[in-house]
Amino acid sequence: MRLEIGNFHVKDAVFGDVTKFENGVLTINKQEAIDFIREDEHFTNVDLVIAKPGDEIRICPVKEAIEPRTRVGSDASVFPGVTGEVAAVGNGTTHALKGCSVLAVGMTYGSFGDGLIDMSGEGAKYTLFSETINICLVGDTDEEFEHHEQQKKNKALRWGAHRLSEYLGATVKEQTTEDKEIFELPPVTKRSAEVNELPSVVYVMQPQSQMEEMGYNDLVYGWDMNHVVPTFMHPNEILDGAMISGSFMPCSSKWSTYDFMNNPTIKDLYAAHGESVNFLGVIMSNLNVSLEQKNRSAQFVAQMAKSLGADGAILAEEGYGNPDADFIACFVALEDAGVKTVGMTNECTGRDGQSQPLVTLDIKANAIVSCGNVSELVELPAMKTVVGNLEALAKHGLSGGWEGDEVLGASVKEDGSIIMENNSMFCGDRVCGWSTKQMKEF
Amino acid sequence: MKKAILYINQFFAGIGGEELADHKPEIREGLVGPALALNAALEGAEVTHTIICGDNFMGSNEEEAVKTILGFLEDKEFDIFFAGPAFQAGRYGNACGVISKAVKAKFDVEAISSMHIENPGVEMFKKDLYIFPGGKSAAAMRKDTKKMAVLGDKILKGDKNLLAEVEGFYPRGIRHQIWREDAMPASKRAMDMLLKKLAGEDYVSELPIPKVDRVDIAEPIADMKSAKIAIVTTGGIVPVANPDRIQSASATRWGRYDVTAMARLEGGVFKTIHAGFDPAAADADPNVIVPIDSMREFEKEGRIGSLHEFFYSTVGTGTTEAEASRMAIEMIVQLKEAEVTGLIMTST
Numbered sequence: 172m173r174l175e176i177g178n179f180h181v182k183d184a185v186f187g188d189v190t191k192f193e194n195g196v197l198t199i200n201k202q203e204a205i206d207f208i209r210e211d212e213h214f215t216n217v218d219l220v221i222a223k224p225g226d227e228i229r230i231c232p233v234k235e236a237i238e239p240r241t242r243v244g245s246d247a248s249v250f251p252g253v254t255g256e257v258a259a260v261g262n263g264t265t266h267a268l269k270g271c272s273v274l275a276v277g278m279t280y281g282s283f284g285d286g287l288i289d290m291s292g293e294g295a296k297y298t299l300f301s302e303t304i305n306i307c308l309v310g311d312t313d314e315e316f317e318h319h320e321q322q323k324k325n326k327a328l329r330w331g332a333h334r335l336s337e338y339l340g341a342t343v344k345e346q347t348t349e350d351k352e353i354f355e356l357p358p359v360t361k362r363s364a365e366v367n368e369l370p371s372v373v374y375v376m377q378p379q380s381q382m383e384e385m386g387y388n389d390l391v392y393g394w395d396m397n398h399v400v401p402t403f404m405h406p407n408e409i410l411d412g413a414m415i416s417g418s419f420m421p422c423s424s425k426w427s428t429y430d431f432m433n434n435p436t437i438k439d440l441y442a443a444h445g446e447s448v449n450f451l452g453v454i455m456s457n458l459n460v461s462l463e464q465k466n467r468s469a470q471f472v473a474q475m476a477k478s479l480g481a482d483g484a485i486l487a488e489e490g491y492g493n494p495d496a497d498f499i500a501c502f503v504a505l506e507d508a509g510v511k512t513v514g515m516t517n518e519c520t521g522r523d524g525q526s527q528p529l530v531t532l533d534i535k536a537n538a539i540v541s542c543g544n545v546s547e548l549v550e551l552p553a554m555k556t557v558v559g560n561l562e563a564l565a566k567h568g569l570s571g572g573w574e575g576d577e578v579l580g581a582s583v584k585e586d587g588s589i590i591m592e593n594n595s596m597f598c599g600d601r602v603c604g605w606s607t608k609q610m611k612e613f
Numbered sequence: 103m104k105k106a107i108l109y110i111n112q113f114f115a116g117i118g119g120e121e122l123a124d125h126k127p128e129i130r131e132g133l134v135g136p137a138l139a140l141n142a143a144l145e146g147a148e149v150t151h152t153i154i155c156g157d158n159f160m161g162s163n164e165e166e167a168v169k170t171i172l173g174f175l176e177d178k179e180f181d182i183f184f185a186g187p188a189f190q191a192g193r194y195g196n197a198c199g200v201i202s203k204a205v206k207a208k209f210d211v212e213a214i215s216s217m218h219i220e221n222p223g224v225e226m227f228k229k230d231l232y233i234f235p236g237g238k239s240a241a242a243m244r245k246d247t248k249k250m251a252v253l254g255d256k257i258l259k260g261d262k263n264l265l266a267e268v269e270g271f272y273p274r275g276i277r278h279q280i281w282r283e284d285a286m287p288a289s290k291r292a293m294d295m296l297l298k299k300l301a302g303e304d305y306v307s308e309l310p311i312p313k314v315d316r317v318d319i320a321e322p323i324a325d326m327k328s329a330k331i332a333i334v335t336t337g338g339i340v341p342v343a344n345p346d347r348i349q350s351a352s353a354t355r356w357g358r359y360d361v362t363a364m365a366r367l368e369g370g371v372f373k374t375i376h377a378g379f380d381p382a383a384a385d386a387d388p389n390v391i392v393p394i395d396s397m398r399e400f401e402k403e404g405r406i407g408s409l410h411e412f413f414y415s416t417v418g419t420g421t422t423e424a425e426a427s428r429m430a431i432e433m434i435v436q437l438k439e440a441e442v443t444g445l446i447m448t449s450t
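Listed in order, the protein sequences are those of chains A and B.
Mapping the first sequence onto this note's numbering, position 430 (from 1) lands on 601, and the numbers just tick up by one.
Mapping the second sequence onto this note's numbering, position 67 (from 1) lands on 169, and the numbers just tick up by one.
No lab work stands behind these hints, which were simulated from the structure alone.
Quick reminder that beta carbons are idealized off the backbone N, C-alpha and C, glycines included.
A few of these clues could be false.
[As the list claims (entries may be wrong)] Straight line, CA to CA, 27 Å or less: simulated BS3-like cross-link-like pairs of lysine-lysine:
id, chain 1, residue 1, chain 2, residue 2
1, B, 259, A, 535
2, A, 269, B, 290
3, B, 438, A, 611
4, B, 203, A, 611
5, B, 203, A, 535
6, A, 511, B, 206
7, A, 296, B, 299
8, B, 290, A, 611
9, B, 203, A, 296
10, B, 206, A, 611
11, B, 299, A, 511
12, B, 402, B, 438
13, A, 438, B, 313
14, A, 511, B, 259
15, A, 611, B, 402
16, B, 290, A, 535
17, A, 477, B, 262
18, B, 290, A, 351
19, A, 611, B, 299
20, B, 229, A, 511
21, A, 535, B, 313
22, B, 229, A, 477
23, A, 611, B, 259
24, A, 611, B, 330
[What the hints assert, rightly or not] For the chain B half of the interface with chain A, some residues (derived, Cβ under 10 Å), not all of them:
id, residue
25, 169
26, 170
27, 276
28, 279
29, 280
30, 286
31, 313
32, 317
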């Protein structure tokens with residue numbers, strides 16, 4: 172498989188008469204874009220807001236982030252099984268607007284898995300999406316069945332954002348660029364002797380799939396990850412739109428669709444391929460809740476890694492708490508199969524830092540990269556502008572917010588300042604590989 | 103100038119060794135023994151008082167010792183508390199931990215000690231105070247005291263973010279996130295760790311997994327008909343007066359109670375002091391936790407040789423692994439003396 176991603180670097184984004192990308196500037200005809208989004212009649216209210224790094228803007232509740240893209244020489248959708256028919260991806264040419272992301276933001280309602288992004292100040296050091304130019308799709312929908320539920324599928328908003336990212340990506344469909352990334356990985360059995368002599372490694376991903384009811388979990392080609400057993404994937408599929416994020420996990424642990432499309436661990440494995448490792452590919456697992464399902468997945472992963480001849484593995488979980496059991500079970504199964512494994516996770520050590528870091532531990536999990544503490548308290552001053560509805564952080568059951576606390580008061584203060592748990596920093600622990608945070612003993 | 107107070111034992115105060123380990127707590131103005139070295143090493147504080155207590159006195163009369171010492175401190179101004187160094191002396195390590203924990207809780211000041219890694223005080227108290235790895239004996243006095251002083255100065259200056267790996271104290275199990283100064287992303291750290299692990303080179307896991315003590319399953323008892331069986335419980339069953347003052351949670355104390363000639367444990371005579379569950383059923387019938395009634399039947403039926411004359415009891419809720427294993431080691435001495443063949447462990 173050979174994937175070419177043509178990069179178009181967005182230096183600025185503005186509203187204007189014609190939606191186009193020219194000289195590094197993304198111009199959006201706001202009304203046309205809103206009309207396009209409202210083709211989905213579930214929207215009852217839509218606004219578009221541009222938020223740039225350095226702006227005194229706080230965005231909340233954020234549900235999803237996507238890099239705007241388009242396929243070149245093909246009418247196929249960017250997200251097969253989601254915005255279009257199921258079709259193979261990972262081979263061919265895709266164009267991307269870099270440094271830019273489309274965010275799905277609740278105009279009124281927040282939910283458990285939503286997060287917060289500050290575009291400047293102290294809060295901007297938590298998430299990658301403080302560093303991207305964000306096209307915020309802010310909306311209300313008629314999904315009344317879940318307006319007052321803590322868990323929301325947020326389907327219209329998420330799908331709207333996926334469609335908007337294709338709409339914006341289309342501006343560079345016919346353009347050319349010199350900045351190309353090539354991702355090419357030959358079939359496992361058709362590699363040169365030099366490559367085969369290097370240690371063979373797999374990347375084992377455990378995307379979120381804890382919800383038994385459909386509509387909340389991550390999807391592969393539109394298929395719910397709760398309904399899969401671990402499977403072997405070409406890394407290009409993940410970089411090219413096969414995976415989309417869900418609407419469930421406490422937000423700092425979340426991998427947004429943007430994170431899948433740009434997964435830095437895959438890119439680093441690619442960079443090392445042929446130099447220091449033989450990158451076999453990705454084993455896509457999951458994080459189902461029952462013990463039997465966890466053990467089944469761990470067994471599948473270990474068998475597949477072994478059968479592929481993996482000497483080593485990088486294992487990453489999109490979640491904490493219950494998913495720690497999957498993470499450790501899979502770690503142990505890989506080690507027992509003789510596959511030397513490095514895990515990537517975050518921890519839940521409590522506000523005082525004294526709780527057991529993961530729900531379950533095993534002495535075989537002896538190499539872990541640890542990206543953050545979900546329960547760290549974060550206090551931030553008010554921002555000039557709020558995009559969305561900041562009150563949602565306190566009132567709609569976001570994992571890191573609360574309405575009242577005997578000592579700390581509400582998460583959202585009258586002056587607009589906030590106190591929350593790291594849990595609700597949008598994709599804040601960046602376990603997919605971006606994290607510059609690390610856990611330390613104090 | 104900030105003020106510090108140091109706790110030491112009777113030996114380092116020059117009072118005497120084992121024969122004087124029952125020495126009652128006292129406080130002296132100024133510097134006694136190790137306080138001289140500590141005072142010299144501290145830059146931002148002076149040691150104003152030295153507290154002295156015999157190790158046995160602290161071990162056997164902990165409550166009284168702690169109460170007396172906290173009383174000494176009520177009218178003293180101090181900003182930080184030191185204890186030891188305790189080197190490899192186990193009872194001294196325990197005393198340093200006990201008093202530091204109590205002083206910290208009551209006066210909201212940080213406490214610093216130093217102990218050799220084999221001192222049981224390390225495992226028991228490293229979560230409660232800063233403990234530095236120290237030497238085996240007093241030969242390391244100056245070096246160990248210096249480490250305590252350096253950290254003390256930093257704390258008194260208001261330094262935050264004191265990392266175990268940088269300062270050198272035993273990790274306390276307090277884990278927080280930091281932003282790496284080199285901004286090295288997780289993916290690169292994982293690649294680096296993987297390549298090292300594949301090559302069999304050393305690497306440092308960012309989440310060290312604590313070793314779990316596993317006890318092998320014992321060999322079966324060959325002849326139950328002549329076995330002497332004892333019951334040990336963490337369910338907190340005690341005579342109603344709780345004569346050994348076993349704590350209802352986070353226990354550090356245990357007791358053994360004679361059941362000679364008792365056919366069963368009577369409610370009103372025995373009860374549970376365990377705070378981790380609803381005690382109603384166990385108070386009404388203590389045999390649901392310590393089944394003396396069933397054991398007597400087994401005895402009559404000849405299924406066991408005999409029931410040991412004592413049952414052993416403590417409380418399991420919130421009790422640390424270190425305390426639990428210390429109590430077990432103490433119980434085992436008596437169980438072996440009584441030639442007990444096997445134990446039945448009951449919880450709640």
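What are the numbers of the hints that this structure violates, sorted from low to high?
Of the numbered hints, 1, 3, 5, 6, 7, 9, 13, 14, 15, 17, 20, 22, 24, 25, 26 and 32 do not hold.
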